[in-house]
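Assemble the complex: chain P is given as a structure, and chain E must be docked to it using the hints.
Protein sequence lines, in the order shown, are assigned to chains P and E.
Each step along the first sequence adds one to the number in numbering that gives the first Met the number 0, with nothing skipped, and position 38 is 37.
Each step along the second sequence adds one to the number in numbering that gives the first Met the number 0, with nothing skipped, and position 39 is 38.
The set of hints was computed from the structure by calculation and includes no laboratory data.
The structure presented is a predicted model; accordingly, all values stated were derived computationally and were not measured.
All C-beta atoms, glycine included, are put in the ideal place defined by N, C-alpha and C.
A few of these clues could be false.
[Said to hold, decoys possible] Covered stretches of chain E (in silico footprint by chain P; criterion: 3 or more residues with CB under 8 Å from a CB of chain P, positions within the stretch not fixed):
# : segment
1 : 29-40
2 : 67-78
3 : 81-88
[As the list claims (entries may be wrong)] In silico DMTMM-like links for lysine to aspartate or glutamate, alpha-carbon gap of 20 Å or less:
# : chain 1 : residue 1 : chain 2 : residue 2
4 : E       : K22       : E       : D54
5 : E       : K42       : P       : D148
6 : E       : K25       : P       : D162
7 : E       : K39       : P       : D158
8 : E       : K40       : E       : D54
[Said to hold, decoys possible] Among chain P residues calculated to face chain E with C-beta under 8 Å, some are:
#  : residue
9  : T151
10 : A159
11 : D274
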Amino acid sequence: MAKYAGKDFSVFLVDGYNLIASLSESASMGKESITQQTNPFGIGSEGHSPIGLIKGMLAVGGGFFDAATDALHNIVADVTGFTRIVSAAMEGNTIGKHFMGFEGAIDSKYEVTDKRDGLTMANVSYLVSGDVNEGIIVQDLAAFTASWDTKTGGAGATDAPVDYSVDPGQRVIPITSNSMAAASVVTCPIAHGLTTGQIILISGVITSSPTINGQRTVTVLSSTTFSVPVDTSLGAAGTGGTFVLCSTVAGGVGYLHCTAFAITNLVYKIMHSPDDITYAALITFTTLTAIGKERKTVSGTIDRYLSSQGTNTGAGSVTVFSGLCRN
Amino acid sequence: MPTYYTVAEGREFNYPADAVSEKIIKESGGRSQLSEEDRKKVKFKTVTEGQDCSDMPISALALYLERGWIIEGRVEPFVMEPLVMEPLVMEPVVEEEENHG
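So that you can see chain P by itself, here it is in the shape it has in the complex:
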């Protein structure tokens, strides 16, 4: 189990401005399912039913009061009528780590506190009327002086594509057995939650001949069974093993923040791939010509590998952060 501390909270982007240096005491972010109390009279315990609304929560406690350009005061002191995009990386500014994204008509409460013996501080709390997403950093906050592409970073490179099959946030589903059939039928002890056409990574299955271990596309048969295109009819059935998802089918949301811009323009894309060989453009953000931010939704299948690709025009440097949240 990985544990993280304040030193790991390294990115706090509001509308393309990194305010991490303004934070000193606390920052909290989260989401809450809104419910309505539903227990009738005569019942001795409370009952609650979700009403299908998610509420985002975001607060900064004890930030340094700083009225400099691009610092806390100038970015958040206007408290109403703003649609903001916020991204926060709590596990570190590293590709593959988790981040949270917020977008919406965010109203904030902003207060400056003066102390006789101490620095002037500021507290900010946001009321998020919009979306809250959790996802993976595809591009850590970094400066580039030329076009880049993380899928060709090379072996051992830190700027590599993100492999969804090793996401620690994924649930590992156990397998009971797989049958002898032209398309081997896999049985799970719990609901697998798959959709036909989805790609999974199976491992740890024994005795199956040929093996069904590896990346497979599934055809769903029931809530606990599915088939994979492996002909075991003349071989042997298998037992045990687990699988994780390699692709998701319900779309997602991409976030892009540009915190420094000194080139002519930037075309930025998140690419995805089923095999780390052929990549398809997943999200092409609006061409950037200045510091800015964008949140963009995408529907349908998102494959296993995610990479970051920026095409710079003009001499100079550009600093970006990007992440993707799968639905």
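Only chain E this time, still in chain P's reference frame:
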């Protein structure tokens, strides 16, 4: 009848430009696993909406075809219509009379 494949609307792909590049990448375990030396040997190509992508690696081509991200087309055989010679008919020349008033 030979088939060809084109990129569907709104799609864009990037893949090894030739069989040699594809082989090197597969043996490395993916593009992100290429050694510095191998990276210099491989070439990639990008295709966008409407462009031919028949040379895409076969596994990805089959997957994207199933998803409708690429479109299959067939090359219709070229059939020459037989030439029919129309008989040449000479129109009689009619001289216009000059009007002398």
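Against the structure, the hints come out as follows:
By the rule of at least three residues with a Cβ nearer than 8 Å to a Cβ of chain P, the coverage given for the segment 29-40 of chain E holds, with 8 such residues. Closer than 8 Å: that is the beta-carbon criterion, and the segment 67-78 of chain E has 1 residues meeting it against chain P, so the requirement of 3 is violated. Check result for the segment 81-88 of chain E against chain P: violated, 0 residues qualifying (beta carbon to beta carbon below 8 Å, three or more required). Note on E:K22 and E:D54: the hinted pairing holds, with a Cα-Cα distance of about 14 Å set against a maximum of 20 Å.
Distance check on the hinted pair: E:K42 and P:D148 sit about 14 Å apart at the alpha-carbon level, within 20 Å; holds. In summary, the hint linking E:K25 to P:D162 is supported, as the alpha carbons are separated by about 16 Å, within the 20 Å threshold. Only pairs whose Cα atoms come within 20 Å are accepted, and E:K39 paired with P:D158 is accepted, the gap being roughly 18 Å. For the proposed pair E:K40 and E:D54, the alpha carbon gap of about 18 Å is at most 20 Å, so the pair holds.
At about 6 Å, the closest approach between the beta carbon of P:T151 and any beta carbon in chain E falls short of 8 Å, and the interface hint on this residue holds. With 8 Å as the threshold, the beta carbon of P:A159 comes within range of chain E, its nearest partner Cβ sitting at about 5 Å, so the hint holds. Checking P:D274 against chain E by beta carbon gives a least distance of about 7 Å; that is within 8 Å, so the hint holds.
Of the numbered hints stated above, those contradicted by the structure are hints 2 and 3, listed in ascending order.
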